[in-house]
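Protein chains: 2
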Amino acid sequence: MIVLVGFMAAGKSTVGRLLAARLGRTFIDTDAGIEARAGRPIAEIFSTDGEPRFREMEREVVLESLRGGDAVIALGGGAVTDPAIREALEETQTIYLDVTAEEVMRRVGSVESRPLLVSMDPEALLAERRPLYESVADLAVKTNGRDPARVVDEIVGSLGSTPATGPRRVRVGLGSRSYTVVVGAGIAGDADLLPDHGHAEKAFVVTHPDLVDMCTPLVGALASRGLDVRTLTVPEGEDGKTLEATADLYRGLQDADAHRHDLIVTFGGGVVSDVGGFAGSTYARGMQLVHVPTTLLGQVDAAIGGKTGINLQQAKNLVGTIYQPSAVVCDVTFLASCPPEEISSGMAEVIKYGFIVDPDILDLAVRRRSDIEARDPQVMTDVVARCVAIKASIVSSDERENGERAFLNYGHTFAHGIEAAAGFTGIRHGEAVAIGMMAAALTARELGRIDDDVVALHRSTLRSAGLPTGARLDLQRLEQAWKHDKKYRGGVRFVLLMGLGKPEADVQVPRAVLEKVVELVGEEGAS
Amino acid sequence: MIVLVGFMAAGKSTVGRLLAARLGRTFIDTDAGIEARAGRPIAEIFSTDGEPRFREMEREVVLESLRGGDAVIALGGGAVTDPAIREALEETQTIYLDVTAEEVMRRVGSVESRPLLVSMDPEALLAERRPLYESVADLAVKTNGRDPARVVDEIVGSLGSTPATGPRRVRVGLGSRSYTVVVGAGIAGDADLLPDHGHAEKAFVVTHPDLVDMCTPLVGALASRGLDVRTLTVPEGEDGKTLEATADLYRGLQDADAHRHDLIVTFGGGVVSDVGGFAGSTYARGMQLVHVPTTLLGQVDAAIGGKTGINLQQAKNLVGTIYQPSAVVCDVTFLASCPPEEISSGMAEVIKYGFIVDPDILDLAVRRRSDIEARDPQVMTDVVARCVAIKASIVSSDERENGERAFLNYGHTFAHGIEAAAGFTGIRHGEAVAIGMMAAALTARELGRIDDDVVALHRSTLRSAGLPTGARLDLQRLEQAWKHDKKYRGGVRFVLLMGLGKPEADVQVPRAVLEKVVELVGEEGAS
Numbered sequence: 137m138i139v140l141v142g143f144m145a146a147g148k149s150t151v152g153r154l155l156a157a158r159l160g161r162t163f164i165d166t167d168a169g170i171e172a173r174a175g176r177p178i179a180e181i182f183s184t185d186g187e188p189r190f191r192e193m194e195r196e197v198v199l200e201s202l203r204g205g206d207a208v209i210a211l212g213g214g215a216v217t218d219p220a221i222r223e224a225l226e227e228t229q230t231i232y233l234d235v236t237a238e239e240v241m242r243r244v245g246s247v248e249s250r251p252l253l254v255s256m257d258p259e260a261l262l263a264e265r266r267p268l269y270e271s272v273a274d275l276a277v278k279t280n281g282r283d284p285a286r287v288v289d290e291i292v293g294s295l296g297s298t299p300a301t302g303p304r305r306v307r308v309g310l311g312s313r314s315y316t317v318v319v320g321a322g323i324a325g326d327a328d329l330l331p332d333h334g335h336a337e338k339a340f341v342v343t344h345p346d347l348v349d350m351c352t353p354l355v356g357a358l359a360s361r362g363l364d365v366r367t368l369t370v371p372e373g374e375d376g377k378t379l380e381a382t383a384d385l386y387r388g389l390q391d392a393d394a395h396r397h398d399l400i401v402t403f404g405g406g407v408v409s410d411v412g413g414f415a416g417s418t419y420a421r422g423m424q425l426v427h428v429p430t431t432l433l434g435q436v437d438a439a440i441g442g443k444t445g446i447n448l449q450q451a452k453n454l455v456g457t458i459y460q461p462s463a464v465v466c467d468v469t470f471l472a473s474c475p476p477e478e479i480s481s482g483m484a485e486v487i488k489y490g491f492i493v494d495p496d497i498l499d500l501a502v503r504r505r506s507d508i509e510a511r512d513p514q515v516m517t518d519v520v521a522r523c524v525a526i527k528a529s530i531v532s533s534d535e536r537e538n539g540e541r542a543f544l545n546y547g548h549t550f551a552h553g554i555e556a557a558a559g560f561t562g563i564r565h566g567e568a569v570a571i572g573m574m575a576a577a578l579t580a581r582e583l584g585r586i587d588d589d590v591v592a593l594h595r596s597t598l599r600s601a602g603l604p605t606g607a608r609l610d611l612q613r614l615e616q617a618w619k620h621d622k623k624y625r626g627g628v629r630f631v632l633l634m635g636l637g638k639p640e641a642d643v644q645v646p647r648a649v650l651e652k653v654v655e656l657v658g659e660e661g662a663s
Numbered sequence: 137m138i139v140l141v142g143f144m145a146a147g148k149s150t151v152g153r154l155l156a157a158r159l160g161r162t163f164i165d166t167d168a169g170i171e172a173r174a175g176r177p178i179a180e181i182f183s184t185d186g187e188p189r190f191r192e193m194e195r196e197v198v199l200e201s202l203r204g205g206d207a208v209i210a211l212g213g214g215a216v217t218d219p220a221i222r223e224a225l226e227e228t229q230t231i232y233l234d235v236t237a238e239e240v241m242r243r244v245g246s247v248e249s250r251p252l253l254v255s256m257d258p259e260a261l262l263a264e265r266r267p268l269y270e271s272v273a274d275l276a277v278k279t280n281g282r283d284p285a286r287v288v289d290e291i292v293g294s295l296g297s298t299p300a301t302g303p304r305r306v307r308v309g310l311g312s313r314s315y316t317v318v319v320g321a322g323i324a325g326d327a328d329l330l331p332d333h334g335h336a337e338k339a340f341v342v343t344h345p346d347l348v349d350m351c352t353p354l355v356g357a358l359a360s361r362g363l364d365v366r367t368l369t370v371p372e373g374e375d376g377k378t379l380e381a382t383a384d385l386y387r388g389l390q391d392a393d394a395h396r397h398d399l400i401v402t403f404g405g406g407v408v409s410d411v412g413g414f415a416g417s418t419y420a421r422g423m424q425l426v427h428v429p430t431t432l433l434g435q436v437d438a439a440i441g442g443k444t445g446i447n448l449q450q451a452k453n454l455v456g457t458i459y460q461p462s463a464v465v466c467d468v469t470f471l472a473s474c475p476p477e478e479i480s481s482g483m484a485e486v487i488k489y490g491f492i493v494d495p496d497i498l499d500l501a502v503r504r505r506s507d508i509e510a511r512d513p514q515v516m517t518d519v520v521a522r523c524v525a526i527k528a529s530i531v532s533s534d535e536r537e538n539g540e541r542a543f544l545n546y547g548h549t550f551a552h553g554i555e556a557a558a559g560f561t562g563i564r565h566g567e568a569v570a571i572g573m574m575a576a577a578l579t580a581r582e583l584g585r586i587d588d589d590v591v592a593l594h595r596s597t598l599r600s601a602g603l604p605t606g607a608r609l610d611l612q613r614l615e616q617a618w619k620h621d622k623k624y625r626g627g628v629r630f631v632l633l634m635g636l637g638k639p640e641a642d643v644q645v646p647r648a649v650l651e652k653v654v655e656l657v658g659e660e661g662a663s
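Line by line, the protein sequences give chains A and B.
First residue of the first sequence: 137, per my numbering; consecutive thereafter.
First residue of the second sequence: 137, per my numbering; consecutive thereafter.
The hints are all genuine.
Have a look at the derived ranges for each label pair, beta carbon to beta carbon:
1. B:G186 - A:R536: 35 to 41 angstroms
2. A:V515 - B:Q450: 51 to 57 angstroms
3. B:P371 - A:R595: 51 to 57 angstroms
4. B:M634 - A:E187: 46 to 52 angstroms
5. B:D364 - A:V244: 41 to 47 angstroms
6. B:R203 - A:K619: 42 to 48 angstroms
7. A:Q616 - B:R613: 51 to 57 angstroms
8. A:A179 - B:T228: 27 to 33 angstroms
9. A:V244 - B:R222: 38 to 44 angstroms
10. A:R595 - B:G626: 58 to 64 angstroms
Since the hints were made in silico from the structure, they are not lab data.
Bear in mind the structure is a predicted one, so any value in this text is a computation, not a measurement.
Glycine residues also receive a C-beta, built at the ideal position from the N, C-alpha and C atoms.
All chains, full assembly: derive it from the sequences and hints.
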């Protein structure tokens, strides 16, 4: 447990999320927890109920968070004024993010969303609180004018001890639908990692025909929990993500008298978790679901966050649900059996997290390239856990993609267009995403949002992972595909960076810029 | 707005729900609202946070409820101790449910779930609170030893004024997914009743080929809101509830470039809302959904509560989702075009609400029989709104059927078996439900749970509505069907009455009793 304290705008949420990602742990923002519980923004709680009432809610949420597992927790600026919270912090590793009052005012901009600043001078308030922060902190880190990633570097360095070697557990916090993602080596046969299966009598392992042998430890673990285990298969590749494959799964479930309390366990890559998850979320109006992703793409992306989907004709994931599993088990030893191009493809999504949230991942991808190519279990556990921590924190705050979950589509608008224009053949998803991110970077540069060096960092990182950065594209065919996209709304919209770790969604781009970008991406392909 | 106050166990929740049903209004139980918000039972809030904290939460929830629309609100026993709540009650019609301390102790049984009784004598507490109840009440009603339905009779009688004649609005309270069901005559063409459609550009009306002409006012209303309206059709009857019909809808949506923010409007009976709802809940991972049910079964049951479904081979609703619409519009003028047997079939579900919640509905069904047969708009508005109010209050407290939502399956376990054994041909759903309720009543009597007069009331009410009460059944075929049922869990389970308005779910019944019941139901059929 690591707790971040400090004044408003010290960067507790940003640093906290990065730190959790770096350590592959759950991130909890107690202010967000209070807002979720009250169903109202904090400024409104202050104005309607007053500060004492807010402090009571805060105490409850903070103490509850501190009782939880091994997480990184960011507290609100005033939490340390509560003696009960200060007492509880004596038991935890607490880090004070130190910031000056001038920097606070610069960062906050307007005081409206910060209720206390409306009535009080920040200098005076900070002077009053500083002794409290210092009294609970084991470590103080200055944040003025520093990049959050560098602040995280200092914290990680000061923590000294290397990260734990056992499985990492990351919580996806969604109230009564919360669940844990476990990441580790050789864990798929560990019956203790499976969730309590309640009234389930049967477990249906959904996988590809080729993977049936690889399921043995998992099947053994399920059987040792007293479950009657059956195996259902779906075809490899995009043929597995059809209404027909779904109907076959339904039939298999029906023939075996599956009931809603029984378990579906998907075993394989994104195809299996997408189609198995869709069948499981709709059979009997929703069965219990566990994902055991075996590919890098599955472990860092497809199996996390509850999106399920099948394709309709040429449209990917046009039918699907948002339905959270009860557990996800990411066993990195399976990555050893993946072909190199599948690891590269997965690295495109890993690199995506680097660009949208934690640039340190980009450094890791390049620096540990040979360990990643060798699928070193320790390094892969670290890579996967960090990505899972980022996706978990984003999904926890925006399950249905009304806000920041859209950032996860970085590079994907171009990628979907590229895949559709290619008829979904001859190009891997990760390759399309790599080209898509390069295109997004070039677009952002054309719009004056980022500099050449950020574009160059895209090129070097992607190429280091063995990914393409260019291709000959046809804008009219891309536009045709975008028009059918389920996210199209009176025009195509992009996720673009304003800088490293600073994505913005919903950006509309003039056609002339897109023409230029398509030309540049073509040159990248030729170079 | 009608508010019920009174001591714990005075019957505020039971009477409140019945009263809301009688008036076709939303029912709000503030104690349930507090528990939902805190995510913990009230006894736990008391023990962890103390009474003052609980009272603060209560004040907030109560004042918020009082600001809402035209509902029946049941307050917790101690709410009147709060001066702010007492002040707010001056503006509302407030009814005091009077109960003696002895009756309270008899009803409560154990004090464990009632935190205040652990530390305080009920007599003393009641003496302290009675003046407060009396000070806020416009009317006091004695409840000692009285059937809740009779208490409601007295309240309705005292309210004097007849119910409003305009459309009734019933809220299904599910947090951010809450929505309103409007019930009235000639309202399907009223554009103002449609929900705000946000970013929608297109509306897809899903209906049967025969009903396309009947949609004209609805299509006009949608078009007047600036929507590009298309019509998609599904076959009549159970052929409309297949994976093939769903695939046709998907294709129609895809061909028209439907996006997730566009609107699906189902127009027709339960088949249309089930399959249209399923397609709408899965296309683009969930579009906006509006139901416009045109049959009695659709208006009182299928279109309310978010269940969608299609059949797999012989298994009804084996695939589906729980996905709430943004609005439901029940226009009772459509009932005029329903054949008499469809009205009878719908009355089976109406009568079901009578047996499980509000016996007064049974009396209404018999007394207003000729008005119902004539589809009198005023009477049908009343019937539908009362049923909707009951279903809304149940769904609001148990969306995913972990508890009391199961009561809505009264008679349905037998009914599903009867329908499956008949191959889903030659028998209407309502007829099967009628026979199923009769079978459930006979089962309950065999188990000594209810008396002959309750059985007789089943027979007379169902027959008065033109419904069958018996049939030759084959227990082995029923058992075969039950085994495939998605609710089967180590044996078939029934909803049985302990008395009028007193259902219990999850009851297992010895085979010998079922044999006897099948024999008795056969005799009913012959008589």
